[in-house]
Amino acid sequence: MTTTHDPATGTGAAAPAPERRHPRGGPRRRVTTAGLDLRVSPYLYIAPFFILFLLFGLAPMLYTGWVALHEWHTIGGQGDFVGLANFTAVLGQGMFWKSVFNTLSIFVFTAVPQLIAAMFIAAVLDANLRAGTFWRMAVLLPYVAAPVAVAIIFSNLFGNQFGLVNNLLATVGLPEVQWTGSSTASHIAISTMVSFRWTGYNALILLAGMQAIPRDLYEAASIDGATRVRRFFSVTIPMLRPTLIFVIITTTIGNLQIFDEARMFGGAGGNGPVGGADGQWKTITLYLWEVGWRQANLGRSAAIAWLLLLLIVLIGLVNFLIARKIASENGVKR
Amino acid sequence: MLNRTAAAVAAALVLASCSTDGSKSPADGKIVLEVATFGDWGYAPYIEQWEAEHPNVTVEYETSGGGDDQREKLLNFVGQDSGLACVEALEVDWLGEFKQFSDRFVDLSDPGLKDRWFDWKSDMATTKDGKLIGYGTDIGPQAVAYRADLFKAAGLPSDRETVAQYLGGDNATWQRFYEVGAEFTAKSDAAWFESVQGAYTAMVNQVEHAYENADGTRKDLAGSEVERIFRTVLQHGAEQQQSAGLTQWSSDWNASFKRNDTFAVVLAPSWMAGTIKSNSGEGFVGWDIANVFPGGGGNWGGSYLSVPVQCEHPEEAKDLAAYLTSAEVTLDQAVKSGGGTPSQVEAMNSPKLLPLTNPFFDNAPTGQIWADRAAAVKVVPFKGPNYKKVHDVVVAGLNRVDVDKSQSIDQSWAQVLSELKSLN
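Here the protein sequences come in this chain order: W and R.
Just remember that my numbering sits 151 ahead of the position in the first sequence, which is counted from 1.
Just remember that my numbering sits 76 ahead of the position in the second sequence, which is counted from 1.
To be clear, the hints were calculated from the coordinates, so they are not data collected in a lab.
Wrong hints could be hidden among the right ones.
[Stated by the list, open to error] Calculated Cβ distances over 10 angstroms to all of chain R for the following chain W residues:
1. F201
2. G227
3. G245
4. L266
5. A274
6. W286
7. V316
8. A359
9. Q362
10. E370
11. S373
12. S385
13. I400
14. T402
15. P424
[Unchecked claim] Which stretches of chain R does chain W cover? Using the computed rule of at least three CB atoms under 8 angstroms from a CB of chain W, they are:
16. 118-131
17. 134-146
18. 150-157
19. 176-182
20. 325-332
21. 475-487
Quick reminder that beta carbons are idealized off the backbone N, C-alpha and C, glycines included.
Only chain W is shown next, with the shape it has when bound in the complex:
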C-alpha cells in the first residue's frame, strides 16, 4: 500500500517530501530548462507504471464495469443494457454468499497457521544454522512448483477413498474424512496446498525483517537475563511489525483471489463441477469463472468481479486502519 513504514523512525505517517520545486516568488518568474526538468521529470519517471496500470489495470476494470451493466454472452458478446440487474441477480443468489463465506473461511484456515509456521521457520533460520543458504533455498522450493501441479498432487493425497491422507488416518485408527464432502474438510485440504506454497515465501520475507533487527538489542536483552523465548516475543516480534503488516496485507489479498488450488481440488481431469457438487469450496473467483465460462454469462460474471473488487477494497481498508494503528502503537512504545 502507499504508506511507508520506516522501522528506523517508527513513523507511519509520510514525512513531508523535501521541496524540490523551482523556487517561486522571485521578481521575474522564468521557466528554465533545468526548472522544467525538475518539475516534469519525476512524473516521467513514474509514468511507465501508470501507463501500464492504465492499460492493463484500470481500463480492463472499467470495461468490466461496462460489461456488468449488460446482458453479455461469453461468445455472443454485448446484449441489452440491463442496468444493475446483473448485480441484483448475483446478490440474490445463495451460491454467491456461499462463495464469499468459502473464500473468507479458506483465508482464515490458511493465513493463521501459515503465519505462525512462517514465523517459526524464520526464527529457526535466523539462528545461525550451518549451510544457511541451503536451508533458505530449501524453504523456498515449494514456491517454485507450479500451483496447478501442487494442486493435482495434493488432490490425490486428499482423495476420499484411496487418498494417502485417509490411508494414514485409517492406519492410526482415526475415521476417514470425506474431503470433498463438507465445507470444512475441503477448506482444510485447500488451505494445506496454499500454505505449502506460500509459507516458505513468507518465512523468507520475515527472515529478512528479522535480520534487519539490530543485534545489540538481543545482546542487551540477554545481558538483562532474557531467555531465547522471551527475546523472541519481546524483541523480535515488536521489531518485526512493519514486515508483519506487509506480509498480512499481501496474504489477505492473495487469499481473496484463490483460484488454482480450488479449481484443481477434487479435480476430475478437466471434467465435473467447479468447486464441489454443493459449492463446498467454490471461492468467489471460482464462482466468477463458473458463471462466465461454464454458464457463458459474462455480464453476471463481470458483476461478480466488481463485487469482489469492492470486497477487497473493504478488507484492504480494514487492513490499512489496523496496520496504521499497530504502526503508531509501535512508535509510541519505543
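Following the hints, complete the assembly by docking chain R onto the known chain W.
Okay, now just chain R, sitting in the frame of chain W:
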C-alpha cells in the same frame, strides 16, 4: 544484473506467449497447423502420414484436459480472433451450444463427403441453413462391461452370453438391471456400478427431449422424466448402495479400477473400453463385455472436429480434419484398439470391423458387440444450446447425494430446481 536478466526472461516469455496462435508461419516458410483434442485421441501416426503428403505443412498435436476444459477454452476464444487451434474437437453434449455461433466456424460441408457419416451424426452438426460445423469422429453406443470374476463369486452367471440373457437380453430394462444389482450387492462386498453419474447419463441419453423442447428452450424439470430418472438412479445407487459412491473421472474413480472389489459394472460406451483398460492396468484380469443394454440401446458421447474461422489456413485445416475423420483412419483406429465405433458408414460396415476381439476383455467379440449395440440405439437425444449447462446442474445434484452424502434425494432435487431457476 539479476533483475535485468529476469526482466529479459519475462519479456521473452511474454513475447513467446503472444505468438501461440492457431496457425503461424515459422522461418522455414512452412504452414503450422494445430490440432487440439481433449485427451489423446491417438492421432499422432495419422498426422505424420498426412504431413508426409503435405510437405509444406507442419502439424502440432495438443492433447490436454477433459471435455469440460475444452468447452471452457472454446467459450473463451471462439468469439475472438486468436487463441484456438486450427482443428478443434467438439463434444456432442455441447455441440448445440456452439451451433448458435456457427458463423465462428468454417462451413465444412462438402458434396464429396456427403454420405460419409450416418445421417443423424452429421445432422447434429448441421445448422438450420445447411452449414456443417464439425466432421464426426466416433459414436458411443453402450454395452455392459462387467467383472466376470466378481459375478462368479457372487453366484451370478459370468459368461457373457448368459449375463446378457440374465439382464434381459433384447428386452433388458433398467428395472431388471437394478434387480440384478440388488441380488449382486447382497452377496458381494463390491458395489454394483461405478457411479450414479454414469447410470444417470446412460438413462438420460435414452430420452429424446430431456432438458429442452424441440426449439431449444428449456423445459421445466419438476415432475419430468428427468426427475423420475434422477430419483430412480439415487434410490438404487445411493439408498440401496448399488453405486460405489465415486465421482466420474476423479482421482478416486481412476484409482478404483486398480482395486479388486470396488464395483462390478461399468455402463460403458465403446470409447470407455480404453479408459477401463488404461485405468485398470494392462495386466488386470476379470473384465468382460456383455452384448446387452438396459432400456433398449443407448449412446453416450461421440465427438466432432471443427475448424474455427480464426484459423488462417482453413483449406488445409479442413483437409486435415477430413482426413482424420475418414473411414480409413477411424477404421484403422478401431482395429488397433480392439474394436470401436466409427461414425462413418463405410467404416462401421467394414468386414474388418465385425471379427475384432479385445484381449483385455477376455477376448470378447467387441466388433460384433459394438455393431449390435450401435444398431440397438433407437433414440437420438436432442441436445440444444442449454443441454450441457442443465446437465451439469443435475449431475452435481446426483453427487451431493451419492458422493458427498450431504443431502437427501428430496433436498438435492429441490436445490437442482432452484439452481436451474437462477441459471441465466
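**Study point:** Reported absence of L266(W) from the contact zone with chain R (all CB gaps over 10 angstroms)
**Key:** holds (27 angstroms)
Point to revise | Distal placement of T402(W) relative to chain R, Cβ over 10 angstroms | key: About 23 angstroms separates T402(W) from the closest Cβ of chain R, which puts it past 10 angstroms; holds.
Exercise for review: Examine the stretch 134-146 of chain R for residues whose CB is less than 8 angstroms from any CB of chain W, and state whether their number is three or more.
Suggested key: Held - the stretch 134-146 of chain R has 7 residues with a Cβ nearer than 8 angstroms to chain W, which meets the minimum of three.
**Study point:** Status of the stated non-contact between W286(W) and chain R (beta carbon gap over 10 angstroms)
**Key:** Consistent with the label, W286(W) stays out of reach of chain R, its closest Cβ about 21 angstroms off (over 10 angstroms).
Review point. Are there at least three residues in the stretch 475-487 of chain R whose beta carbon sits under 8 angstroms from a beta carbon of chain W?
Key: holds (count 7)
Point to revise | Closest CB of chain R to the CB of V316(W) still more than 10 angstroms away | key: Nearest chain R Cβ is 12 angstroms from V316(W), so the label holds.
Point to revise | Coverage claim, chain W over the stretch 325-332 of chain R, checked by counting residues with Cβ within 8 angstroms (three needed) | key: Our answer is that it holds, as 8 residues pass the Cβ test (under 8 angstroms) against chain W, meeting three.
Check your understanding: For the stretch 118-131 of chain R, do at least 3 residues have a Cβ located nearer than 8 angstroms to some Cβ of chain W?
Key -> violated (count 0)
Check your understanding: Are at least 3 residues of the stretch 150-157 of chain R within less than 8 angstroms of chain W when you compare beta carbons?
Key -> holds (count 4)
Review point. Is P424(W) truly not at the interface, in the sense that its beta carbon sits beyond 10 angstroms from all beta carbons of chain R?
Key: violated (4 angstroms)
Point to revise | Assertion that A359(W) lies farther than 10 angstroms from chain R (Cβ) | key: Answer for A359(W): holds, closest chain R Cβ roughly 16 angstroms.
Exercise for review: Evaluate the condition: distance from the CB of G227(W) to the nearest CB of chain R exceeds 10 angstroms.
Suggested key: violated (7 angstroms)
The structure is inconsistent with the numbered hints 2, 3, 15 and 16, although it conforms to all the rest.
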